[in-house]
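Which chain is which? The protein sequence lines are A and B, in order. Following my numbering from start to finish, the first sequence increments by one per residue and tops out at 157. Following my numbering from start to finish, the second sequence increments by one per residue and tops out at 157.
Among these hints, one or two may not hold up.
[Said to hold, decoys possible] Just the calculated beta-carbon pair ranges, DEER-fashion:
#	chain 1	residue 1	chain 2	residue 2	range
1	A	82	B	113	19 to 29 Å
2	B	154	A	146	19 to 29 Å
3	B	37	A	148	27 to 37 Å
4	A	123	B	121	46 to 56 Å
5	B	120	A	31	19 to 29 Å
[As the list claims (entries may be wrong)] Simulated coverage check for chain A against chain B, where a stretch passes if three residues somewhere in it have a Cβ under 8 Å from a Cβ of chain B:
#	stretch
6	20-27
7	43-50
8	57-71
9	128-140
[What the hints assert, rightly or not] Selected chain B positions facing chain A (in silico; Cβ < 10 Å):
#	residue
10	21
11	77
12	84
13	86
14	89
15	120
16	130
17	152
Hints in this document: simulated from the structure, not taken from any laboratory. Don't be surprised by glycine CBs; every beta carbon is placed ideally from N, CA and C.
This is what each chain is made of:
Number of protein chains: 2
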Amino acid sequence: MQQQVSVITLGSADLSRSRRFYGEGFGWAPVFENEEIAFYQMNGFVLGCFLTPSLEADMNRLSVPAPGAYAFAHNVARQEEVAPLMERLVAAGGTMLRPADAPVHGGFRGYVADPDGHAWEVAWNPAWAIDDEGHVTFGV
Amino acid sequence: MQQQVSVITLGSADLSRSRRFYGEGFGWAPVFENEEIAFYQMNGFVLGCFLTPSLEADMNRLSVPAPGAYAFAHNVARQEEVAPLMERLVAAGGTMLRPADAPVHGGFRGYVADPDGHAWEVAWNPAWAIDDEGHVTFGV
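So here's chain A without its partners, still in its complex pose (with noise of 0.2 Å):
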């Protein structure tokens, strides 16, 4: 069984909102857009913004709380990309969770919620391999 994820579905209540987010925030550009979802070629795997009355109704779980217990990183090379990237996401729509600071197992890592509430890391963390093509590697 491969170690692997194939794609990430993001609950949206609107995706002219999360598209505002995810592309003027990140920078990054949908590889294909419909009225429903927008789906973002990402490093390995699929990431999709999907209106969330239709996630449920294809994952036949109504009425799901958001945010949950969970939360994605955005990993960056230096760790002086960090808080511009955490003021980019909060100017495209975010809300600042935890501005960046040093945790204790090292590295510098702030938080910010998309405009639907789903925590985004972002991080520097010099241990974490990251290749040209944005696959990560384990590394401590």
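Knowing the structure of chain A, use the given hints to seat chain B on it.
Quick look at chain B alone, frame taken from chain A:
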């Protein structure tokens, strides 16, 4: 800006329970673990199971509900692999959300929640390529 996610971090109330689900269900082995977190090297990023109170403290967002409006997908190469994998996930402590069937957009899929309620879609989507390293490419 790379279109890149570095980490998916899932809150876990019981790491041994999570390790059983991801180990016996998906067949995945951690690359690192301690009493607070288990990391899995995935297809270009890292999956972490992190004790929920620790995750809440790290992201400065307390008492998050679980689950939320999101899902992760694991795609398989053949339609016939979907149902047996879902059965293994349930046997390893998961909860069936939606037995596998064919959505209108094509393919074949069902959903199982992990022991903390995080939703996993198991899908066969012949339009999306999966290479030998597990990297998944969007297609129509």
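Tested hints:
1. A/82 - B/113: 19 to 29 Å: 20 Å, holds
2. B/154 - A/146: 19 to 29 Å: 22 Å, holds
3. B/37 - A/148: 27 to 37 Å: 32 Å, holds
4. A/123 - B/121: 46 to 56 Å: 47 Å, holds
5. B/120 - A/31: 19 to 29 Å: 23 Å, holds
6. 20-27: holds (count 8)
7. 43-50: holds (count 6)
8. 57-71: With 9 residues closer than 8 Å to chain B, the stretch 57-71 of chain A meets the three-residue bar; holds.
9. 128-140: holds (count 8)
10. 21: 3 Å, holds
11. 77: With Cβ-Cβ at 4 Å, under 10 Å, it holds.
12. 84: Residue 84 of chain B check passes; min Cβ-Cβ to chain A is 5 Å, inside 10 Å.
13. 86: 3 Å, holds
14. 89: 5 Å, holds
15. 120: Since the shortest Cβ distance to chain A is 7 Å, the answer is holds.
16. 130: 8 Å, holds
17. 152: 4 Å, holds
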